[in-house]
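Participant: Here's the letter readout for the chains.
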Amino acid sequence: MSGFVSRGFRGRRRPSEGTGGRVPPGQYVEAGFPVLTAGPTPRIDLAEWRFRVAGLVAHPRAWTWEEIRALPPSTFGGDIHCVTKWTKLDTTFTGVSVDTLLDAAEPLPAASHAVASSYGGYTTNLPLDDLRGGKAWVVWEFDGAPLPPEHGGPARLLVPHLYFWKSAKWVMGLRLLDHDAPGFWESLGYHNHGDPWLEERYWSD
Amino acid sequence: MDDQDLRVDGNAAAGLLGEVFALEATAAWTTCGGCGAIGQVGALLAYCHGMGAVLRCPGCDTAVVRVANAGGRWWLDLRGARSVRFDPAP
Amino acid sequence: MAGRAVLERLTWRLARVAATRAETPRFVSLDLEVAGWPGHLPGQHLDVRLTAEDGYQAQRSYSIASAPDGERVTITVERLDDGEVSPYLAGELGAGDLLELRGPIGGYFVWEPALGGPLLLVAGGSGVVPLLAMVRHHAATGSRVPTRLLYSSRSAADVLAGGELERLAAAGSGFAVTHTLTREQPPGWDGYRRRIDPAMLTEVGWPPAARPLVYVCGPTRMVEAVATALVELGHDPARVRTERFGPTGG
Numbered sequence: 001m002s003g004f005v006s007r008g009f010r011g012r013r014r015p016s017e018g019t020g021g022r023v024p025p026g027q028y029v030e031a032g033f034p035v036l037t038a039g040p041t042p043r044i045d046l047a048e049w050r051f052r053v054a055g056l057v058a059h060p061r062a063w064t065w066e067e068i069r070a071l072p073p074s075t076f077g078g079d080i081h082c083v084t085k086w087t088k089l090d091t092t093f094t095g096v097s098v099d100t101l102l103d104a105a106e107p108l109p110a111a112s113h114a115v116a117s118s119y120g121g122y123t124t125n126l127p128l129d130d131l132r133g134g135k136a137w138v139v140w141e142f143d144g145a146p147l148p149p150e151h152g153g154p155a156r157l158l159v160p161h162l163y164f165w166k167s168a169k170w171v172m173g174l175r176l177l178d179h180d181a182p183g184f185w186e187s188l189g190y191h192n193h194g195d196p197w198l199e200e201r202y203w204s205d
Numbered sequence: 001m002d003d004q005d006l007r008v009d010g011n012a013a014a015g016l017l018g019e020v021f022a023l024e025a026t027a028a029w030t031t032c033g034g035c036g037a038i039g040q041v042g043a044l045l046a047y048c049h050g051m052g053a054v055l056r057c058p059g060c061d062t063a064v065v066r067v068a069n070a071g072g073r074w075w076l077d078l079r080g081a082r083s084v085r086f087d088p089a090p
Numbered sequence: 001m002a003g004r005a006v007l008e009r010l011t012w013r014l015a016r017v018a019a020t021r022a023e024t025p026r027f028v029s030l031d032l033e034v035a036g037w038p039g040h041l042p043g044q045h046l047d048v049r050l051t052a053e054d055g056y057q058a059q060r061s062y063s064i065a066s067a068p069d070g071e072r073v074t075i076t077v078e079r080l081d082d083g084e085v086s087p088y089l090a091g092e093l094g095a096g097d098l099l100e101l102r103g104p105i106g107g108y109f110v111w112e113p114a115l116g117g118p119l120l121l122v123a124g125g126s127g128v129v130p131l132l133a134m135v136r137h138h139a140a141t142g143s144r145v146p147t148r149l150l151y152s153s154r155s156a157a158d159v160l161a162g163g164e165l166e167r168l169a170a171a172g173s174g175f176a177v178t179h180t181l182t183r184e185q186p187p188g189w190d191g192y193r194r195r196i197d198p199a200m201l202t203e204v205g206w207p208p209a210a211r212p213l214v215y216v217c218g219p220t221r222m223v224e225a226v227a228t229a230l231v232e233l234g235h236d237p238a239r240v241r242t243e244r245f246g247p248t249g250g
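Protein chains in written order, with this note's numbering: chain A, 1 to 205; chain B, 1 to 90; chain C, 1 to 250.
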C-alpha cells in the first residue's frame, strides 16, 4: 500500500535535530530503553557464574564474579543502536574492557573471530578486531546501578559500535575461532558484522 | 518489569508466520526436539519483537520455531522441532 | 483455495472508520468498514499499520471485538498513556479516516458454536475483547452452548459492555457473566473483589468433569496464573486456550 499516510500520525520518536550526526542512518532517537528478548531471563547464581575465554587462545581462562569485578574497571559513555531502528543516546555502562580479558587469555595468531555465548543459549559472532582496541566490554552496571536482569544482568557483553544484538545479554564467555560462525540472529537473516553506520542490518546488506 | 511479562502465545506470531505458510501455522502440531512434547504452535511461548519471533516449548524452553522477516526476506528455523504437522484446512 | 485465503488475510487493506465510541475512560471502539473483508472467527485479531509522512511505520495487533458481520469489523482499543499507536487510534482517528489493516489473523484462539462447550471465558481487563466477540457471536447465532464469562476489572468504570453483558445474561440463552472488581467497588457491591483464583474458578466455572472449553485472555501474568490454576483444578490442558497480551495487558 505504497503512498498511504496515516493522517496525523507521528509516532513516539524524538526529533534527531541537535544530535550532531550521532544518529546512524535509518535510526530514530528513543528516550527509553526497550527490552527485546528471545527467551526467558536466565536466573544465575552468582556463586556459579563464570566468564570464560576459550578456543584459539594460549591460556583458556575463567573468571568468577569476584575475580572479574576485581579487574581494573572501565566505563563506556555513549550511544547504542538497535537494528529495530531505535538509538539511545548518552548511556553509561561500567565493567571491564574485553582487552583486559583477551590479554589474559592471549589469542593465538590464527584467531580471527569469536562467538559470544550466553546463559540461556543465545550466541552472536564477531570479528576479533571488533572486540579489541577499546571497543568492547563485559559490563555489570548501567547508568550507575546494577544491570537489571531484563537488560542482561548480572553481566552482558557491550559492543556499542555495532548493532546492539551483538551486545549479548547474560554473557558467559567468548570462544575464539579461525572462521566466522553465525550466531542466533545471524543464522536467521541478520548481518554477520552489523555496523550501524553502514546499515549492515541484514544478511545481504 | 519481569521478563515473564514479555512472553505471549504462539498465536501472537500468527501474522508473521502467515506470511510464510499457506496453511494456518498456529494450528500446526510440533514435536519438541528438546523434550518430545507435542503441541500446537499457537500454544508455544512466544517472544516477539522487531527482529522476529522465537517460539519456545512451554515445558523445556527449547526454541521450536524461529522466524524473522529480515530486510524483506523470511528466514525460518525449525531445527528445534523434531517434526511439524499441518492438518488439512477444515 | 488455501492460497487465495492466505493472500486475503495477508493483504493490507484500507478500512474506513465509520464511527468511534468511547466505551470507558480508557477504551475506545472503532467501527470499521473493510471492503473485501473475508470474514472472521471470534477470537481472531487484525494487524493495524500506521505510516507517518516520512515513511516511519508502527504496527500492532488488535483483537476483533465484533461478531462476524459482513464487511463491518469493530476493534476496541485501550489507550495506553505511554503508547505509540493506541493514543492515535483512541484519540486522533475519527469517522471518515482511513486505517490500514490486514486480517483476520490467528487460527488458534478461536471459538465458534460448532466447537461446542460448555464454554468458560476468563477475562482480565482488555483481555475481554476477543471474548466479547465470542459472546456476541454466541448470541447472534442463537447458540445454546452453555457459556460463562468470568471478567476481572479494576473498577466498575473499567468494565466494557457491562449493560450489554447483563442483557445477554438475562436473555435466557444459557449465558452468565460474573464480575470481579479488584481495586474499587461501587457502594453496595456484593460481588467478588479480588483477583481470579482457584476458589473463584471453582465457584464460577464448570467442574472438570463437564470438560469445558476454556479461553483465557488478559495480561500475561494473569493468564498464566489462571491457566495454571485450571490445570491444577483438574481441567484438561488441551481444552484450555490462552491469549497472553504481554506486560501491559493489551
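Just so you know, these hints were derived from the structure itself, not from any lab. Beta carbons are placed, not taken as given, at the ideal position from N, Cα and C, and that holds for glycine. A portion of the hints provided could be inaccurate.
[To be verified] Looking from chain A toward chain B, a few residues come up when the C-beta cut is under 7 Å (computed):
(1) Val29
(2) Gly32
(3) Leu36
(4) Ala38
(5) Gly39
(6) Thr84
(7) Tyr202
Participant: All hints are to be evaluated individually against the structure, with a verdict given for each.
Facilitator: Each hint tested on the structure:
1. The closest approach between the C-beta of Val29(A) and any C-beta of chain B is roughly 16 Å, which is over the 7 Å cut-off, so the hint fails.
2. Hint status for Gly32(A): violated, given a least beta-carbon distance of 12 Å to chain B, over 7 Å.
3. Interface hint at Leu36(A): satisfied, since its Cβ lies 4 Å from the closest Cβ of chain B, which is below the 7 Å cut-off.
4. With a cut of 7 Å, the hint placing Ala38(A) at the interface with chain B holds, because the nearest CB-to-CB distance is about 5 Å.
5. Contact between Gly39(A) and chain B, as hinted, is supported at the beta carbon level, the nearest pair being about 6 Å apart and thus within 7 Å.
6. Checking Thr84(A) against chain B by beta carbon gives a least distance of about 3 Å; that is within 7 Å, so the hint holds.
7. Checking Tyr202(A) against chain B: minimum C-beta separation of about 3 Å stays under 7 Å; hint holds.
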